[in-house]
Structures are given as C-alpha cells and as structure tokens.
Amino acid sequence: MSTLKLDLESYKDLLKQYIETQNEQALYRAEQFSKHSIQQNITPDEIINVHIEALLELYPDIPSNIQSSLNFLLETMISYGLAYQEYQALREKQLELQSEISVAANMQQTLLSTTKPEMSELDVGAISTPAKQMNGDYYHFVKDQEGSLGIAVADVIGKGVPAALCMSMIKYSMDSFPDSRMEPSVILEGMNRVVERNVDPSMFVTMFYGLYDPDTHEFNYSSAGHEPGFYYSAKNDSFHDIEAEGLVLGVDRSVKYEQYTQHLDVGDMVVLLTDGVTECRTGDRFIERDEISDVIHQYKHLSAQEITEQVYRHFERLQDFQLRDDFTMIILRREV
Amino acid sequence: MDFQSCVNIKKEWDIVGARQLGRDISKKIGFGTVDQARIATAISELARNIYLYAGTGKVCFETIENLNEKGLRIIAIDEGPGIRDVTQVMEDGFSTSGGLGAGLPGVKRLMDEFDVISRQGEGTEVNVVKWLR
Ligand SMILES: Nc1ncnc2c1ncn2[C@@H]1O[C@H](COP(=O)(O)OP(=O)(O)O)[C@@H](O)[C@H]1O
Ligand SMILES: [Mg+2]
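In the order they appear, the protein sequences are chains A and B. Oh and the first sequence: position 91 is 91 in the numbering used here, straight run, nothing missing. Oh and the second sequence: position 43 is 43 in the numbering used here, straight run, nothing missing.
You may find that some hints are simply not true.
To be verified - Distance windows between CB atoms, simulated: (1) A/A89 to B/E79: 29 to 39 Å; (2) B/V16 to A/V103: 49 to 59 Å; (3) A/L90 to B/D24: 27 to 37 Å.
Simulated from the structure, these hints should not be mistaken for laboratory data. Each residue gets a CB set at the ideal place from its N, CA and C atoms; glycine is no exception.
Could you put together the complete structure from these sequences and hints?
In structure tokens form, the structure reads like this:
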C-alpha cells in the first residue's frame, strides 16, 4: 500500500511557502498537488501523513498536544482512504462493464440488422434508436416467395441488457419461419408460443406484424398488444389510428390473433411505431399522438426514410436529447 | 503456532483491547503512525466480525521475521457459523456497511497479505500480515 511515495520534500516546500507568504500562488500549487495525488491514487490519510511529517520537520518543537491532535486526525482519515480506494476499484469495474456492453451492443446491431427492401411499389423508411446502449425494440423486413413484404415490429417492455437479450431470441425465432407466405395472425400465434415457453413471465413483448401485397395493395396485419400505428389517407389528407385487438405475447399460449386489412391507394402511408415514440415526454407531460401525426404531416413531401429521421430529430430535441425509451418508427408509402 | 499474545473477543469493548495490543506490538516492531492506524483499523474490522457474526473468538498477534523483513501477523479465529461464500464477501460493495470501503475487502487493502479459511458451521480464520518497509 505504501508503494506510492508522496513527494515529501516538495510538499514541505509548498507548505513552508504558504505559511510564510499566505499567497494565492502557493494555494494554486496545492490544488495542482492534490490533483496530481489523485492521479497517483494517493489516499487522504497519506496526504495527512505527509503533512504531519512536513510540519514536524519545519517546526520540530510543535507542542505535544498539537502533535497528538494530528495523529488523531490521521486516524479518522484511514476509513476515508478505504472508501476512496473502493470507489476507485468500482470505477474501474464500471468502465470494464461499459466497454463490455458496447461490444455486446455492436454484436446486437449486427445480429438484428435487416435490409430495407427495394420495391418500386413502396417507399420504405425505418429508424430504430436505443435509449441506452442496447435496443429492446426490433423490426424486420422479409420478402416472401410471392413477392409480398412482411414487416415485424416488436417491443420488449423494459430496456437495456435484459430487453436486448430477449429481443435476440425473438429475432432467431422469426428467422426460423419458412419463406413461404405466412399470414400475420399465424406468425403472431407462433411467436406467442415461443415467448410463452422461453421468456420470463415478468417480461412482456408486444408485436405487430403486417404483410403488404404489391399486387392487390392490401396491407394485412395483426397486433399483439402493440402500440397502434397510423394510417394516412392521401385522398382525405388525414391520419387515423391503426387499431387492432390482441393480447401481449407470452401470456396465454392458446390465444388467437385477429387479422385486419387496410387497402392502400397511391400516396397512402402506414406508420408503425413503438411506445418509445408515443411515450416521449416533454417536462412531465406525455406527448399526444396528434403531435406525432402532425410532425409526419409536416414532412410528408420527403422520402419515407427522411420522414422517420425528421420525426426522430423532432422528438429527440423535444426531450432534451435524452431518450427515455427505445425509439422505432417505420413508414411505408405506396408509390404507384 | 507460537503467538506472542491473544485477545479474547466476547463483548464489543474487547475490540478496543485488541486494537490496543495490536498497536503496542506494531509500535515495538517499528511501524510508523499511518501503518499503526491501518493495522488498528484492520483489527477493528476482524474483531467486530467475530463479535457480530460468531459471538466469541480471539485475535492473536505474532511478530514475524525473515532474512530481510520484519512484520506483524494477525490471526482472527472463531468457531462461529463460518462464511458461506468468501469470494462473494470479498467483492467490493458486498459488505453490509456498503460504500464505506470497509469490511474484509478493506482489511485486504490495509494489509500486505490476506487469507481466509472458513467452513460453514465450523468457524472462520482470517490470517493477515503487514510488512515493515
Ligand atoms: N467471522 C465471521 N463469521 C461468520 N460470518 C462472517 C464473519 N466475518 C464476516 N462474515 C460474513 O461476511 C459478511 C461480510 O463481512 P464484512 O466484509 O466484514 O462486511 P460487513 O461486516 O460490513 O457485512 C458479513 O456480513 C458476514 O455475513
Ligand atoms: Mg464486518
């Protein structure tokens, strides 16, 4: 523990200078000295010790009662020294954990990555940003053999590492479905069984699955307790909620999911999101869903991808750049 | 082992007695003020653990010497319930004194050598050494 040698001589000089002049310069150097000591992991009790030794060298005739009082001070500082060392050890541990998590976050990004489909019929935009390092939201695009586009959006209630671990499992189960065309309700029923079997009951997963057929321009969808999205009608220039009934995944293994259909005309949009979007807060007020559709409306002349980015920027700023929940938004717009 | 001296720990007051004896021996060996204070703090932690968790036990002191070093060995022994998971106890932040940096991890920091042998239901022996440098 005493491998760290405080420079007694320079401390003594400093102290002497200060006692003689009481000037600011010496105090400034004292500040530098203490910063330097902190860098060298020197504990408070060691400083006191150096102080006592320096003082005794400068003033060998210090009365013994003052000497005793200094020893008393030293004694009281020992525990502070320990607390300080523990703090440093914990800080190192924290840095380690942080870098581990960022490695995990990178892995997760690779794992959950999905390519945005290129379709002449549909302009697609997607954004997903985690509140912490790891994302508990998930979205995925699949094109089936008949050319339909499947879109999955899921949200694990909770965030951070546990949510992200759960999400990775969802991703693998989704990958294990066959390439042939599958109805949204069937997919949710399958996922419901997976979650029911594999996920801790204290964790909830909501999921939305939509299937867009470019020949009929029908958007079929089912929802497992997921935050409702928006349908934008270009003809009426208005938004309304995409309502769909359905129980959260993993609660009841025999649950059946209702399937709904929305026809898309040219210029119509489907907006899918997670509650990280709707539960944005400004001050202590949750935003209204209208505010989201208003922002989308404001940028509707842009591409689907640009709209999602603008909406994200808008709410990021509104929340003082501190996301409280993972934020995911997908926009599909029929082009021709 | 041939110990110079032991202090029985039965009541809280005995912690002070153990500190006193430990400090006297440290002084005799030639430890400076800081090291004396550190040794006393370590003794407190060990003796208090005996008092709190084992009820009774003892803290023993031994001056040790090899070719080029002198030091103090402290052994705290009890026949209490033992520590179930020493590794866990040695993790920073585990101690019930949380955030004070004290407890057994603190003792390890205060001393140069540290060892625990503990069997559940049989007791605990903590063996620490401080070298005079
Ligand atoms: N001599 C002992 N006998 C039995 N259990 C002990 C003994 N010493 C420590 N322990 C156990 O180890 C834990 C951690 O001890 P310690 O690090 O001293 O921190 P604290 O005493 O503040 O909890 C104690 O809470 C106790 O359960
Ligand atoms: Mg203790």
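Hint-by-hint comparison with the structure:
{"no.": "1", "hint": "A/A89 to B/E79: 29 to 39 Å", "result": "holds, 32 Å"}
{"no.": "2", "hint": "B/V16 to A/V103: 49 to 59 Å", "result": "holds, 50 Å"}
{"no.": "3", "hint": "A/L90 to B/D24: 27 to 37 Å", "result": "holds, 35 Å"}
Hint compliance for this structure: no hint is broken.
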